[in-house]
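2 protein chains.
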Amino acid sequence: MPRVAVDVLLKREILDPQGRAVERALPGLGYDGVSEVRVGKHLELEVDAEGDELADRVRRMCADFLTNPVIESYTWRVIGDDERADA
Amino acid sequence: MPRVAVDVLLKREILDPQGRAVERALPGLGYDGVSEVRVGKHLELEVDAEGDELADRVRRMCADFLTNPVIESYTWRVIGDDERADA
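Line by line, the protein sequences give chains A and B. Everything in the first sequence is counted per my numbering, starting at 1 for the first residue and increasing by one. Everything in the second sequence is counted per my numbering, starting at 1 for the first residue and increasing by one.
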């Protein structure tokens with residue numbers, strides 16, 4: 001079964017307080033030269049479908065349930081086992 | 001400046017209540033055939049470095065501040081402008 005990764009962020013025009021907080025804290029921890037920090041959700045899920053049907057189901061799940069299309073945007077991709085964030 | 005995406009999940013052996021809740025809700029919304037749902041953090045940030053120095057800074061930031069290495073694991077990658085989750 002394909003494993004899908006979905007990355008969700010607030011839309012660019014919307015203030016991201018979490019991202020702003022991280023961005024402001026990093027220099028104090030010795031990390032300069034870091035900017036444009038955005039913080040959002042990362043989901044991984046296995047979906048029992050392939051090709052266009054997989055794409056259609058992922059897009060519908062994202063639009064209906066996994067994201068708030070009014071304030072969030074997302075990208076998704078099929079990932080290999082070695083790309084799992086909990087590998 | 002390179003834009004980096006960091007995906008953080010709870011380690012596989014740790015219960016993921018959010019992922020479990022999403023997994024249980026999906027069939028009720030008409031989405032069957034979805035399993036192994038994991039929910040975590042997605043960060044995007046621009047880092048003023050290249051090559052090995054970029055890799056070293058990202059790894060240190062993740063270990064020191066962006067993740068909790070005791071319970072979380074992560075992956076990171078450089079992304080193009082078209083791969084931004086808030087594109």
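One should not assume that every hint holds.
Copies of the same chain look alike in the list, so a pair counts if it fits in one copy or across any two.
Computed list of lysine to aspartate or glutamate pairs in EDC-like fashion (alpha-carbon distance at most 16 Å, straight line) [as the list claims (entries may be wrong)]: (1) 41 <-> 53; (2) 11 <-> 36; (3) 11 <-> 86; (4) 11 <-> 72; (5) 11 <-> 83; (6) 41 <-> 52; (7) 11 <-> 32.
Calculated from the structure, these hints are not laboratory results. Model, not experiment: these values are computed from the prediction.
Checked hints:
no. : hint      : result
1   : 41 <-> 53 : neither (24 Å within a copy, 27 Å between copies)
2   : 11 <-> 36 : within (13 Å within a copy, 27 Å between copies)
3   : 11 <-> 86 : between (26 Å within a copy, 5 Å between copies)
4   : 11 <-> 72 : within (5 Å within a copy, 26 Å between copies)
5   : 11 <-> 83 : between (25 Å within a copy, 14 Å between copies)
6   : 41 <-> 52 : neither (24 Å within a copy, 27 Å between copies)
7   : 11 <-> 32 : neither (25 Å within a copy, 29 Å between copies)
Hint violations for this structure: numbers 1, 6, 7, all remaining hints satisfied.
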